[in-house]
Structure formats: structure tokens, C-alpha cells
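Colleague: Mind assembling these two chains? They're in different frames, but the hints should get you there.
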Amino acid sequence: MGDTRVILEMRHIIKEFPGVRALDDVTMSVQAGEIHSICGENGAGKSTLMKVLSGVYPHGSYGGEIFFDGQEVTFRDIRASEHAGIVIIHQELALIPELSIAENIFLGNEVVRGGLIDWDEARRRTQDLLARVGLNVDPRASIKELGVGQQQLVEIAKALSKEVKLLILDEPTSALNEDDSANLLDLMRGLRSKGITQIMISHKLNEIAAVSDAVTVIRDGRTVETYQVEAGHVDEDRIIRAMVGRSIENRYPHHEPIIGEAILEVRDWVVEHPIIPGRLICKNSNFHVRRGEIVGFAGLMGAGRTELARSLFGRSYGNFVSGQLLLRGEEVRLTTVASAIRLGIAYVPEDRKNLGLNLLDTIRRTTVSANLKAIVRRGLLDFDQEYAVAEGYRRSLRTKTPTVDAGVTTLSGGNQQKVVLAKWMFPDPDVLILDEPTRGIDVGAKFEIYRLIHELADQGKAVVIISSELPELLGMSDRIYTICEGRITGELPAADADQEKLMRMMTTTSSTVAP
Amino acid sequence: MKQLKQVLGGDLRQFTMVGALVVLLLAFDIASGGRMLTSSNFQNLLSGNAYVLILAIGMVMVIVIGQIDLSVGSVAGFVGMVVALSASHWNLPWWVAMFLGLGAGALIGAWQGFWVANIGIPGFITTLAGMMIFRGGVIWMSGSISVPVPDEFRYLGSGYLPEWGPAFTGMNNSTLVLGLLALGALAWAQFRKYQRHAKLVEVKPPLWPVIVRVALFAVVLGYVTWLFGSGRPGTSFPVPGLILVILVIIYHVITQRTIFGRHIYAVGGNRAAAALSGVDTRRTYFLTMANMSFLAALAGIMFVGRATAAGPSDGTAWELDAIAAVFIGGAAVSGGIGTVVASMVGGMVMAVLNSGLSLMGVGADRTQVIKGLVLLAAVAFDVYNKRQGRPSIIGLLMRNRTAVPVGTATTSEGATPAK
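If you read the protein sequences in the order shown, they are chains A and B. Here the first sequence is numbered in this note's numbering, starting from 1 and rising by one per residue. Here the second sequence is numbered in this note's numbering, starting from 1 and rising by one per residue.
Honestly, the hints are just simulated from the structure, not real lab data. One or more of the hints may lead you astray.
Heads up, simulated DSBU-like pairs for lysine-lysine below, C-alpha to C-alpha not over 30 angstroms straight-line [claimed, not checked]:
(1) 400(A) / 353(A)
(2) 283(A) / 501(A)
(3) 199(B) / 400(A)
(4) 446(A) / 501(A)
(5) 144(A) / 283(A)
(6) 353(A) / 373(A)
(7) 165(A) / 283(A)
(8) 371(B) / 400(A)
(9) 162(A) / 144(A)
(10) 373(A) / 371(B)
(11) 501(A) / 204(A)
(12) 199(B) / 373(A)
(13) 193(B) / 400(A)
(14) 400(A) / 373(A)
(15) 204(A) / 165(A)
The shape of chain B in the complex, shown without the other chains (with noise of 0.2 angstroms):
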């Protein structure tokens, strides 16, 4: 149990929930007769979930200042129309197009932040409009037809990257270099870790555990980028996947990183205090808000992108789902507490559960009801433990680490916020 914890290393709950997501991977897997770790399963798992995901990006920034956007699914429907209407009806080259949606989501997102941060209208009524809003503006815009894209919009909805170079490695190249840079930044960090930790401590910290945890990441990311590379010729890690990695590092940099990333903590976590601490808890608000309608339109040009054409329906629900990802990740109702990368593994979570019951031929309105209930049992089992006061049941089984009980972060690396 020991040498376990020491290769676990600092975030006990982030390991829990990737463990959770392995063990949904190789159930289902086992249930569908293997036709869940697959290329094309993997491939469109990530492709067709890519959008929500970002969504999640911004939706987690959100909770965290104590806020909810229930705007974003009609947003980015919305941006998706404009979009295809300016190509298609105006006849505007097709970046024009993409830049005038961008620009349209930021705008929609200083609307819907000035009524939240000047005005001080909450953001779940403020939202609430906004979803009414847009949503009729689609509509209205469209006249109930759908409206196709350019072709090049595909490229970013349902793209591959690139083939070229040898054809020993048995395998789509670009996604081989992604998967070795991935390993190398990870080990790289690690490492670091390590370094910093043994700068500051007496007696030399073990190196084995990072070596083993490495070693892990090798395997499983090794494995990953199989999966990714090795599928039908013309296929490989898609070009909306790798949107959504960039964005979940810079995200991640901001919100860990940067000055602006520790008043969204602040906020969250303290409003007063973190106003007398100096933030401008106005302009964070602002900020937050409107970054999210931005991130909205992006997710909403790669939809159209993906689906060929701009529809008065699209994006319906969205927000439901985005927001579900990010309270299975951690997020907490009252806010203060969430990171990004935590929300992506509870979106991956419920995109798993999407694909496995689907493969195993449960129709939609079950897969409904039990995405529902996950939701419901994830969040249950974390505020249940909280409020006893206990432990969580991972903290009970790692008794012997320096007692710091719930409520504070165990890294120190900063790569959770204090929980």
C-alpha cells in the first residue's frame, strides 16, 4: 500500500477518476464483444465529443467564480448559423466567416458579462435569457433550414492530421510525434517535480516511484497512440481532438498559472475576502463570463464543421452536458474548486458511458437515464464524504501521508487548487 501511494504521487482524487474511466474503458469493452478499444471508436469518441468538451473548458471557469452559463448550447448553434450564413448566403471567404463567429461569441459573451459583473445579475438568470435569446435567433435567422458550410470547415470538425514520412513504424506519423511529445512533456514534468521536491527536503526522496510512474505513462499513452495511429489509411488523431488539447493547455496555464487564474479562485472562494485582497472581482466576472461565450462559438463552428451544415436545432442540451462534466470532475456547487483537466476526465467519462452503451445496443433514452443517475451518484459520493467531516474513502486508505484532511490540497505542485 505504501509503494502504491508513493507512485500515485500528490492528487489522489484526479487518479481516482482516471481510474474510473479505465475500468469503464475495459468493462465496456469486454461488454460490447471488444468494440470499444478500437481506431475508429477511439477516433469518434474524441471527434464527436471534442465540442462539449471545450465547452467544459469554459463552463468549469464558471462554476468556479460561483456562476452557471446555461446559454452555451444556443450560442454556439447561434455562432454556427451566422457562420454558415455568411459563407453560404454573403458569399465571405470562409476565415472571414470563422472570425466574424468568433467575434460574434465574444461580443455575446461582453453582453452576457456586463449584465453579470456591472449590473450584478446573476449569471443563471442573465443565461437563462441568453438561451431563450439565441436559440429564437437561430431560428429566426435560419428560417428553419439548415444551412451547409464551406468544405474547409470540415477540416477542423472531422479532420486527420497529416500522413507522411516512413512506413516502418506502422503508423500515422503526426499522431506518432504527438504521442512522444506528450510522453516527453509528462516525464519532463515529473521529473521537475521530483527535482523540486528533493531541493527542499533533508534526505533524498526515492526516485523509483517517478521512474514507475513514468514507466506507467509510457504504457498507457504508448498504447493510447496506437489506438489513435493505427486506424483506417487517411485516419489518425483527430484535428478536433487536437484543438482541444492546445486549448486544454493554455487553459490549463491560465487557470494555474497566471495572475487572472488566482482571482478566479479568489472569487470563487471568498468574494469579500478576495476583494480586499485587491482583485478586481468585477473585471474577473467579466472576463469569465465572456470567455465562456467565445469558447461557445468555437465549439459551435467545429459542430458545423462536423455535422456539414448549420441546423435551428443544434446545440440543444449542450450546456446539460458540459455542466454535468464538470461537477463529475470535482467542481463544487458553491464554488471555489474544479480545474480543467479534471472536468475533461469527467467528460470523458460520460462520453465513455455514451459510446459503451451505445455499442452495446441500450437505445438512448436509457443511456439517458442512467448518464443521469452517474451524474447524481458521482457528485453524491463527494459531497456525502465532505460533509461527515471524513476523510474520502481514498484519503481513509492513504492514512499514513501527513495528515491533511478534506479541504486541503495535498500537491505541491499547485495542480489542483486546494480542495
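Bound-form chain A, shown alone (with noise of 0.2 angstroms):
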């Protein structure tokens, strides 16, 4: 280990976006030379912590202080934090497919001689920086030629050149395969022995394991304990616990479930990731839902949970390898999401500005818009009965608007949300599946969306509610499933599970459930 000075502190620190506090009074701090991790569910704010040490959220737009080698800074921008020895490596790498592996290395921190670049010394400092990562590629390769594990080692060598003292790593392992991950957890321990201080994010416990010195959990934007890892045992209770451990007050309507028969069935679902070849990210999914029940599928970010729902919804995701999907006990090949919306599914995304809504509508288009045939007279759309409708859900719904005229946009979040559960209620599904349908909505408009998914259950619907926020899916699920990486690990009724059980089923990719 390096020597035991604090090389990081972070002290009171407070980020707030319009309605919400992401961090809520963050205090950490870590030691020269280890590798710290941070640990915590979606949205706990590991993320955001780390843009605002980095930079990317600038001194002045949060609340606190941070301390980096003895000295207070106040990094104005990504540029200031990497002057400095802070290098930031996000989840989703930072690197140009169609540009040399020695270019991307020195993007934006070109090796300059006499106003023109030298690519000698650079291809000759490339070449040194991959030495040291262990990557034995030449400098003129492009990124697109290198697997994601290489692409992953290339972001490490770049931060290597900036001279990082710090060196973050957002879930560096998200994307790589076991033995990339191996190699990865390798390279953080040789660059601990040289000296490089470490902070990761990740919730794969077997990694903290691995290689953690300190383990830091942050829980709704607030620290809940740092404690020092003792010879490479981490107590994966302990921080499970410590990642969950909130209590379900009375945030969900009281309701009893009426259950019919099986009115979706999906058999050995196999689907193929839609750029990558040979990845898949649905591995023999096997789950059913009832009429009147109201089914949550619990699961980490990039688990597959919405790719799962959408390639079952047309086949709008990824490529179909094989399995059954039956629909009121009969075997369907939905090829297209109008044949699908036509037999009786509905999706409700989870990206609610980017695949729910066209921004450009109004609330009266957008309820209309996926049943049109509904609203046709005589081969004309029939302006008054698409009014009727959208009047008719504004009122049923309580959407807070003065006219269904209005756009889409002068609507809040919780609103527009109610907006496309209109849209897709119009279409009358059997179905309904609402990919994390309370996400950037306040507490109050949550209760109301929750009564309204009772309601539909209660007019014999089935409905899948995906969902990150485990009290959520606790409070309003009659049965859940976890999936992780792919495939479904664990199936249990509501009422037997809890926050722990159901964390413990995301964060391990041996199957629970009998085939």
C-alpha cells in the first residue's frame, strides 16, 4: 500500500438539479495511493460525486469543499481537474472510432513542435503508454479495430499520459467480458504499486473484493459509511445492506390483486446485442404474466431489462435469436411493433423525452398517436372525437393542464408521463409494460401514477412495471424478477422478498430460478 496521507477529501458536498438534490451533504475521504470504491444503487449519485470532483460540474454549481493534495481547488472545467492529476474515466468511453489509437491518446493535448504536430514523438509516446498498460498494438490502429477490453486499456493509457495522480473509473468493467475484467483488475494493482491513487465505481461486489482498499457507500446522494478493507475480505452483507437499507413508508395505494390465467408467456427468449456480434444480452429468458397482476422486474442499469421488453415488443431491439412469446396461450411472431401494439401490447419507454414523446405535439396528438385508426371517420381523422379522447384522459387522469392544446412541453415531467400513459391506454392493451414509469417524476405524481397502474390491473390488465428503485417495485409488484446480465436470476412473489434478497439476485449471474 502507499502511505496512509489523505490525498482526497471531500467535505460537505451538496449538487442540486431543478426539483431534486442528487447529493445531499457527501463526505469522503481517500488515501494516497489506494483504491477506493464507491458503491450504490442507480441514481444514489456515485456519478454525479464524480463529475463534480472532475470538473464537469464546475466549483460554484455545487455546494462544499474539495481538498486534493493538501490544497483546496475549484476546477472550473474538466481541463482545470486534469491539470491537476484528476482524470476521469466515464462509462461510456470517451474515444473518436475513426481515429487512430496514438490521435485519440492525444486529443486535445497534441504534442506540438513549431505550430505543426509531430506524430513521430507522439507515435513514439503511444507506444511507451500502451507498454505500460500492457497493450501491444501499433499506434496507428483504429479504435473501431480494438475490442471494447482494448479500447478500455487505450482511455487508461490516455489518462497516463496527462500524468494522473488520480486516476476515476465509472464501472470500468461494465462492458468487458471475464477476462478483460481480470486483466483490468491486474493493471489497477500494478498502477497502486506505482503510486496512482484509484477510485472506482462499481457494484459488482466480487471486484470490490478484488481489489479495494476502502469501500465508500453512497445511498440518495448521501454517504452512509467508508470503511477500510481488512486483506482483500469485503463483507458483501454489510454493504448490500448498507446500499439498500431505506424503509418502505406508506408511498404505495393499498390494493388487492384479482389474478387471472397467464396471458403473456415467454419461452427460452435468446436475443443478440444489435451492433455486436456473438454478445448477447437476453440468455434464455423464461417468465410469464397474468391477467390483473402487476409483475416488476428488478435489475442493475445495463442488466437488460429494457432490452428484454423491447425486443419483445416488435422485435425494436436487438436481433431475435430464438424463443416462443405466447399471447393469450397462443404462439406470436411479432415482427413489427404495430403488430404488436395491434395484438394488445403496449410499452411505455423508459426514455421518456427521447423514444415516449414527440416534443414538437401537443397533448391531444400525443394521446391519440398510437391508435389512430380509432379516430378515423369516413378515411379523415376526426378532429372532434380527438379532442373527446384527450379531454376524456385529462380529466380521468388529472393532468394538470389548462387545455390539451397546449404542447407537450409546458407540461411537468409527472404530467407528461400521464400524457403517453394515455397514449398507450387508448390502444386498450392486454399488456402493458412501463419501463421505470416513475424516473424524474415528484413524490406526489408518483401516488397518482401508482394508483392509476392499479386501476389498470384491476381491468383485468397485466402489466410489467421495470423499475430501479427496489421500494417501488417492493410496494406495487405482485411477483418479481431480478435479472442480471442477461439472464433472469430469481423469481419470488412480492411479499416473500425484500430490498436485500432481491439486491443480492441483481448483483449475481447464477440463475436461482428452476429451468
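Modeller: Now the structure itself:
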């Protein structure tokens, strides 16, 4: 281990966005030369904290102080933090696929002599850097020719070129296979022995156990605890408890489920990644949903829940490999979204603004947009009917707007979500898949949407809720499936589930579901 | 101000465009010594620009879905030549030649639609290639000489409506009938809108703004009808103008009141969201591109009718005029916004500019400079206001309306899609 002085101290960090406090008095300290892991659920604030540290959120846009190497630092942008020796490697690699390794490494940091770039020198330095990370590739090779694991190493080489003192890795192994992950962890140990301090954001408990010297758990924007790791032994239970430990208050309406027969059945569903051949995003998924039932899908970001849902919804994501989809007992092949809608499936996307709405539209036009055939009279759209439908949903969902002629951008997030839900209720589907239905919505609006979901279930519809908020799944679902890395790893009645059980199943890749 | 608001009703931007047009007409009339607002000038204005406006009808749909078509001029010239050659060299009857031309247009449209929709090549590249291919095609086919067309086409390109009926009206009766029909339709539409609005609100809205609006329409429409109908004997509202009006009505209905029309705006507004709503985005792209080439063929045929012959350089730079008309009419570069009617107004602004400047004796060179600057100014004004997040100037004037910031529709009719 390195010396025991503190190299980084973040004190009482507060970061707010309109309507939400992402970081609520976070305090954390990192010792020089150690590998410090930060752990937390989706949305806990890990990435936000690192963005504050690296200058993505500049000084002045957050509260609290940062002390690096003994001095207070006030970074105005990323360049300032890099100049100080702090380099962050994001989850989505910031490399330009068409350019070469050398060009990428020195992007923004070019080796200049006499007004022109000195490519020979750049290449020579690149060779050195690549050797330090153990990557044996020609510096002139372009990034797109490299595998993800190698690209990750290029990112680290890039950090080394900036004479990094503190290296931040955001979910570094999320896109890597086992070999590349092991390789990366080895590299991290090597860097540690050279005196480079590292912060790793991760939820993979086994990896945290493999390399960390200390672990900080963050939850709901607050530090829960920091503790030192003894001799490579990490108490997984302790971490899980710290990550999720919050009580489920009465935030969920009471509901007595009336459950009927199975209406949707998925058997041995296998889907390939749309761009990376051979990489499977759904590995033999089997599940079913019954009428009147609310089924939750739990999993960490990247586990494959959205991909599963979209691949079922008219194959709108990924390359279908094999599997069966049964609706109302009969096998169906839904190869287009339109056929999925026609046969009674609705999918409400998690990314409301980019996938759920046409932001140029009005409320009334959005409301009818998934079922235009229903408002056609004598071959033309009937505006009176369109208005009636939109008004009807505005009233029954209590959408806060003076008129349905207003544009959807005038609505708050919660009300936008109501319009999107109305849009998908209009075709009267039998199965509704709601992907993060309450994301970005305040508590009051959430409660209304929960009640709406209960009404839908009472009408005999099957509702699937994909959510990153475990309390939400526990409070709303009748049954919960857990997914980890494309595989369904668990199924249990909500009454038997708790957050720790779910988190455990969400973080292990072995399936506990009987085939 | 409040009364003015009530009269103007929903479509603020469209009224400012039309207002700008009226101001231009009046200004040029004064500057040219009264030669702008004459029967023959108006008739020329319409029949001489009908082909560009027809192109603009197709072009606005292409731009709404986020593409562009640079080949329309070349395709128009190509089809014109096909028609001329098949009639004069192969001695086909004129109507067969016309169908051949329209068929060629449809085929070209399918070709370009295929590359854009099924292969995924951006419209810009596909139609740039088309522009080169069909310009070369015209020159190749014609051997670089002009080819005359049968007289029947002259009717389509520069004909007038027939004379009939009593002479006391003092004008061409076909035009009068058209004018009355138009006024009737407009008045009916306004009253229907009023009725719909009245059904939904508790307090009955005032009727007088509607009456004032219809009266204003009557005055303007009456003046224009008289202007068209009281020209030289034998002239009237031109046939190309009638064809244009019919097409505008058809395409207005298609874009505003059919499922396909909604799909166009959905794909243009957010392609991914449209796909997840069940829209067949490929089909939408294909049909829109194909339709454009078909309309280009129609425009080409009308043009050779007017010119009485097809030449190898017909259609040069027409796409630029069509695109300019669409953007002056308020379409967005990023797609999702734009209407047929607004593009017509935009096109008329350009046409009036052309005509007015020429009546004032300004040369074609300087006219071109001015047109370019007007296009820039019109779009910059719009972009600037939207980017600053400010409501448009008109919006500021109309501050008392229930706050609907930029980026929203303001009509209950759906005449303009959300802006």
C-alpha cells in the first residue's frame, strides 16, 4: 500500500438539480495510493459525485469543498482537474472510433513542435504508454478495430499520458468479459504499486472485493459509511445492507390483486446485441405474466431489462435469435411494433423525452398517436373525436394543463408521463410494459401513477413494471423477477422479497430459478 | 389589442406571413406606379409560378420528415422532355404522353424512395445523384435541342377558364364562381370552428370576431377574384392556378387529416419515438420521396405547356426556389414542422418579390441578391427567437393568451401542427 496520508477530501458536497437534490451532504476521503471503491444503487449519486470532483460540474454549481493533495481546489472545467492530476474514465468510453490510438490519446493534448503536430514523437510516446498498460498494438491502429477491453486500456493509457495522480474509473468492467475484466483489475493493482490513487465506481461486489482497499457506500445522495477493507475480505452483506437500507413508508396505495390466467408467456428468449455480433443481451429468458397481475423486473443498469422488453415489443431492439412468445395461450411472432400494438401489447419507454414523445406535438395529438385508426371517420381524422379522447384522459388522469391543445413541453415531468400513459391506454392493450414509469417525477405525481397502475390491473390487464427503485417494486408488484447480465436470476412473490434479497439476486450471475 | 387578437384568432404566424405578403404587394404597387395590382400581373404571377409552388407542396413534406430533394428541377425537366419527345417523335397522343410523363415521375420517385427508405442513404446524397443523373438524361435524350409539345398542353400551362353566362357581372363568370365557392368554404370553416369551440366552453364565446374575420376574407377575396376575372377578354383565373389550388386542397387534407399525414409529422418530429408508436418509418420515407418526384413530373409537364417546348436546361435551379419557399413559410431545418399552406405563402412572397422588383426595373442579378437576403432574414428571425427561448415578437404582443410558449400549437383546428 502507499503512504497513509489523505490525498483527496470531499466535504459536505451538495449538488442540486431542478426539483431534486442529487448529492445531500456527501463527505468522503481517500488515502494516497489506495484503490477506493464507491458503491450504490442506480441514481444514488455516485456519478454525480465524480462529475463534481472532475470539474464536469464546475466550482460554483455545487456546495461544499474539495481538498486535493492538501490544497483546496476549485475546478472550472475538466481541463482544470486534469491539470491537477485528476482524470476520469467514463462508463461510455470517450474515444473516437475512426481515429488512431495515438490520435485519441493526444486529443486535446497534442504534441506540438513549431506550430505543427509532431506525429513521430506522439507515436513514440504512445508506444511507451501502451507498454505500461500491457497493450501490444500498433499506435496507428484505429480504435474501431480494437475490442472493448483494449479500448478501455487505451483510455487508461490516455490518463497516464496526462500524468495522472488520481484516476477515477466509472463502472470500468461493465462492458468487459471475464478475461478483460481480470486483466483490468491486474492493471489497477499495477498502477497502485506505482503510487497512483484510484477511485472505482462499481456495483460488482466480487471485483470490489478483489482490488479495493476501502469502500464508501452512497445512498440517496448521502454517504452511508466508509470502511477500510482488511486483507481483501469485503463483507458483502454489510455493503448490500448499506446500499439499500431504507424503509418502505406508506408511499404505495393499498391494493388487493385480482389475478386471472396467464396472458403473456415468454419461453427461452434469446436476443443478440444489435451491433456486437455474438454478444447476447437476453440469455434464455423465461417468464410469464397473468391478467390483473403486476409483475416487477428488478436489475441494475445494463442488466438487460429494457432490452428484453423492447425485443418483445415487435423486435424493436436487438437481433432475435430464438424463443417463443405466447399471447393468450397462442404463439405469436411479433416482428413489427405495429403488430405488437395490434395484438394488445403496449410499451412505455424509460427515456420519455427521446423515445416516448414527439416534443413538437400537442397533448391531444400525442394522446391518440398510438391508435389513430380509432379516430378515423370516413377516411379522415375526426378532430372532434380526437379532442374528446384527449379531454377524457385529461380529466380521468387529472393531468395539470389548461387545455389539451398545449404542447407537451409545457407539462411537468409527471404530467408528461400521464400523457404518455394515456397514449398507451387508448389502444386498450392487454399487456402494458412500463419502463421506469416514475423516473424524474415528484412524490405526489408518483402516487397518482401508482393508483393508475392499480386501476389498469383491476381492469384485467397485465402490467409489467421495470424499475431501478427497489422500494417501488416491492410496494407495487405482486411478483418480482430479477435480472443480472441478461439472465433471469430469480423469481419470487413480492411478499417474500426484501431489498437485500433482491439486491443479492441482482448482483449474481448464477440463476436460482428452476428451469 | 385584445380585439385584434380575437379577430386574428389562432394562427398568429400564418397571419404575419400573409400580412407581410400584403404589405409587399402594396409597397411594390406604389413603387412601380400601380403596375403590381393589375389583372394581367396577377394572372402572370400565378401561372408563371404555379410550377414552383407545386414543387413546394411536395418539398415541404420531404423537409418535414427531415430530408431534402435536390433533384426536383432535373426530374421536372426530364419528364417534360419525355412528354415532348413521346408526343412529337413517337407520335403518341397527348394524353398518352402525359401519362407516360407522370408514370416516369412515379418510377423516379420509387427509385429515389428506395435508396432513402430501404438502403438508408440520406436524401441529400440520393437526390444530388438524381439531380446529376436526370440533368444528364435530359441533355442526352434531347440531343441538346428544344422539342415542341402539342397544343393541348398549352391549356395546362397557360390556359384560362372558359367564358360563359351573363355579361352584367362585368367579369369572367368561372372566376366569379370560384371566388364565391372559396368564400363559402372559408366562411363555413370558420363557423364550424366557432361551433366546436362553443360546445366545449361554458361561457358562449363572442360571435363578432368570427363575423369580422369572414368579412375581412370577403373583402380580400372579393378584390382578388375581381382582379383575376376582369382582365383582358378571354383571360380569367389561370388553369395552372386552378390545378395548384386543387393540389393544395388535396395535400392539405392529406397532411392534416389523414393517418399518413400524422405519420409524416411523427417521423419528422422524433423518428425513434414514431417507430415505437407503431409507425412504419420506412414506408413513410418511401412514399414521401416518391410523391415529391411525382409532383416534380407534374410541374415539369405544366411548364413545358406554358413554354410550348421542352428544352435541355429546363428546371435548372428550381429546387432552390422550392426549398426557399418552404423555409420562408416557416418549416424547421431539423424537420417536424411545416405546412403546405404556409409554404404557398412563402412561395408567393418570393414570387411577388420577383415580380415587383422586375416591374421596378431591377435586374435579375440584383433581384437574386435580394431574394437570398430575404430568405436568410426570414429564417434567421425565426431561429433567433426560438433559440433565445423568447416567444416570437407576435407572442409578446399577444401576451394575454393562456401562456403557450414557443414550441406549442396554438390552434384547436390542427391547421398548423405544433410549432
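Colleague: Indicate, hint by hint, whether the structure satisfies it.
Modeller: Each hint tested on the structure:
{"no.": "1", "hint": "400(A) / 353(A)", "verdict": "holds (18 angstroms)"}
{"no.": "2", "hint": "283(A) / 501(A)", "verdict": "holds (22 angstroms)"}
{"no.": "3", "hint": "199(B) / 400(A)", "verdict": "holds (22 angstroms)"}
{"no.": "4", "hint": "446(A) / 501(A)", "verdict": "holds (25 angstroms)"}
{"no.": "5", "hint": "144(A) / 283(A)", "verdict": "holds (26 angstroms)"}
{"no.": "6", "hint": "353(A) / 373(A)", "verdict": "holds (24 angstroms)"}
{"no.": "7", "hint": "165(A) / 283(A)", "verdict": "violated (40 angstroms)"}
{"no.": "8", "hint": "371(B) / 400(A)", "verdict": "violated (46 angstroms)"}
{"no.": "9", "hint": "162(A) / 144(A)", "verdict": "holds (23 angstroms)"}
{"no.": "10", "hint": "373(A) / 371(B)", "verdict": "violated (43 angstroms)"}
{"no.": "11", "hint": "501(A) / 204(A)", "verdict": "holds (16 angstroms)"}
{"no.": "12", "hint": "199(B) / 373(A)", "verdict": "holds (24 angstroms)"}
{"no.": "13", "hint": "193(B) / 400(A)", "verdict": "holds (25 angstroms)"}
{"no.": "14", "hint": "400(A) / 373(A)", "verdict": "holds (27 angstroms)"}
{"no.": "15", "hint": "204(A) / 165(A)", "verdict": "holds (24 angstroms)"}
Violated hints for the displayed structure, listed by number in ascending order: 7, 8, 10.
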